[in-house]
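We have chain P; now place chain D onto it with these hints.
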Amino acid sequence: MHQVADVEVAKNIMDANKRLADKNLKNLEEKDIFCVDFVGAIGSGKTTLVEEIIDNTDYKIGVLAGDVISKFDAGRIEKHNVPVVGLNTGKECHLDAHLVGHGLEDLPLDDLDMVIIENVGNLICPVDFDLGSHLRIVVVSVTEGDDTVEKHPIIFQTSDVVVINKVDLADAVGADADKMVADAKKLNPNVKVIKSSLKQGIGLDEIIQVIEEAMN
Amino acid sequence: MHELSMAQGIINAVLETAEANNATEVNEVTVEVGRLAMINPEQLEFILGVLIENTIMEDAKIVFEEIPAEIECNDCKFHGEAILDDSDHYAPLVKCPECDSLSVETLNGKDIVVKNIVIEKPDDA
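Protein chains in written order, with this note's numbering: chain P, 1 to 216; chain D, 1 to 125.
I should point out that these hints are in silico values taken from the structure, not numbers from a laboratory.
Mixed in with the good hints there might be a few duds.
[As the list claims (entries may be wrong)] Some chain D residues judged to face chain P by a derived CB distance under 7 Å, without partners named: (1) Glu3; (2) Val33; (3) Leu51; (4) Leu107; (5) Asp111; (6) Val113; (7) Ile117; (8) Val118; (9) Ile119.
[As the list claims (entries may be wrong)] Here chain D is said to cover these stretches of chain P; the calculated rule only asks that three of the stretch's residues, wherever they fall, bring their Cβ under 8 Å from a Cβ of chain D: (10) 38-51; (11) 92-104.
[Unchecked claim] Stretch by stretch, here's where chain D covers chain P in the computed footprint (C-beta under 8 Å, at least three residues): (12) 151-160; (13) 177-190.
Idealized CB from N, CA, C, for every residue including glycine.
This is chain P alone, in the form it adopts within the complex:
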């Protein structure tokens, strides 16, 4: 004979990630390390921004470079003589706190004062996954189209800083960079928005300044 029973599960599927994110943050804070994570679409300029920050500051930086299946980003960053761990998500479209936790184990944390996490190119999925960083910067380029910000509201509402990159190409692709700035401000009135052209060195100082303000 069988009986039917109603059993409470009450298990939050997102909690496991949140707990691991809190653990990552605690781990970093114990070692006095500031952690910033970059999110943004494929080709928005995340890796270039990582390279520019490494080359233009004196911080001892370690990098976790997220990528779905390749190691190209990690290879690019390695050339700048900083410790880098490539994180392949395989089938997933985002980094999670579990992968980042393992990545941190492979960085020489005792020798670092900043960790940069470069997420997988995606404006949607990373929203649901806190990684344990202090500051989240979303990088979007004008070449993605000037409606990209308004089309992906949640990532812009939940990030601390918005970088509108490749503004030097705006005219060529018929994009209005100021519309993107206004859209970001509308979605997140307190967000810091910076227009940049990282290949031309425009906007980098301001981005570094914002990171330094958040560090203090």
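Just chain D, lined up with the frame of chain P:
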């Protein structure tokens, strides 16, 4: 877009509880989906259907309950259910219903929670 990992997490939670309660079959699973989680319940249901083949939850009915977005407004300090403007988006804009501000802290509505399951088990278990 990350329905696969969510589905796996749900199945693990269900099977763990089912086994701890000596279930021979899972008849029903209720999952709360926060309105702000970047998950489409239809896609989640599809992938769940694939992953539960050949498990004791193979024939389970999956019930989704939508959890509204609860906020605190940074401008007027309103605390309660947000207005979700999804006229242009599947993922909605989160607004304060009192002052229309978009500067809000989200307190609830982002999570995916396996709430309860209905199981069959032997009388003597």
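Legend entry - Contradicted hints - numbers only: As far as the earlier hints go, 1, 2, 3, 4 and 10 are violated by this structure, in ascending order.
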